[in-house]
Amino acid sequence: NAGVTQTPKFQVLKTGQSMTLQCAQDMNHNSMYWYRQDPGMGLRLIYYSASEGTTDKGEVPNGYNVSRLNKREFSLRLESAAPSQTSVYFCASSEGGMSYNEQFFGPGTRLTVL
Amino acid sequence: DQQVKQNSPSLSVQEGRISILNCDYTNSMFDYFLWYKKYPAEGPTFLISISSIKDKNEDGRFTVFLNKSAKHLSLHIVPSQPGDSAVYFCAAGNSGGYQKVTFGTGTKLQVIP
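So the protein sequences, as listed, match chains H and P.
Going by my numbering, the first residue of the first sequence is number 291, and it counts up by one from there.
Going by my numbering, the first residue of the second sequence is number -15, and it counts up by one from there.
No lab work stands behind these hints, which were simulated from the structure alone.
Where hints are given, some of them may not hold.
What the hints assert, rightly or not - As a list, the in silico DSS-like pairs of lysine-lysine whose alpha-carbon atoms are at most 25 Å apart:
| id | chain 1 | residue 1 | chain 2 | residue 2 |
| --- | --- | --- | --- | --- |
| 1 | H | Lys347 | P | Lys84 |
| 2 | P | Lys(-11) | H | Lys347 |
| 3 | P | Lys(-11) | P | Lys38 |
| 4 | H | Lys299 | P | Lys21 |
| 5 | P | Lys84 | H | Lys361 |
| 6 | P | Lys52 | P | Lys(-11) |
| 7 | P | Lys(-11) | P | Lys55 |
Using the sequences and the accompanying hints, generate a full structural model.
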């Protein structure tokens, strides 16, 4: 099992460009999440999907959109990238959406916006 | 408003000694707590958790202690090993319904051989 996979691993964008970060899990998990990690800020939730067909905003959703394409895949889109979106992005999944459900993380995407 | 705080950004410990990582929370609705470990260039991995009905949970070299009255938890690693060098994130949530967990800012542990 690959677990949670993310593509790409690295990306450099210019301000105003758009891109989609891809995430897939092969654990048949119901819930999926997108986080960003910034120095001194920890992991902050951008969007989550409790189950296939549903998505909800997290702590820092502005500037992002998400799509839960099917049970396996959850993508994050930046419509018009800004330097403030320079960060490391992690996708995660869990069997259920409860706080006691262990989350499994992908390896991350390091994004730089110039 | 940081609801989960890890006030020590870094910690250095000699191999074989005890590592104590601390976490404070402000939201009294939190009743489930988790620790994740993160190596460079990898995603975080789950380490250990504790429910508020307990004050201690142990898994091998790792023990988490919860002090509900102080809204404080700590992770003890005994004995510390060089492979434990990583960033440790504390996370908290409410188990009473669907709730997201809130992560702390992390503590970077360095275990010196």
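Hint check results:
1. For the proposed pair Lys347 (chain H) and Lys84 (chain P), the alpha carbon gap of about 11 Å is at most 25 Å, so the pair holds.
2. Of the pairs offered as hints, the one joining Lys(-11) (chain P) and Lys347 (chain H) holds, with about 22 Å between alpha carbons and a cut-off of 25 Å not exceeded.
3. A distance of roughly 21 Å separates the Cα atoms of Lys(-11) (chain P) and Lys38 (chain P); the hinted pair therefore holds under the 25 Å criterion.
4. Note on Lys299 (chain H) and Lys21 (chain P): the hinted pairing holds, with a Cα-Cα distance of about 20 Å set against a maximum of 25 Å.
5. Distance restraint check for Lys84 (chain P) and Lys361 (chain H): the Cα-Cα separation of roughly 19 Å lies within the 25 Å cut-off, and the hinted pair is therefore satisfied.
6. Note on Lys52 (chain P) and Lys(-11) (chain P): the hinted pairing holds, with a Cα-Cα distance of about 15 Å set against a maximum of 25 Å.
7. Simply put, Lys(-11) (chain P) and Lys55 (chain P) have alpha-carbon atoms about 11 Å apart, close enough for the 25 Å limit, and the pair holds.
Hint compliance for this structure: every hint is met.
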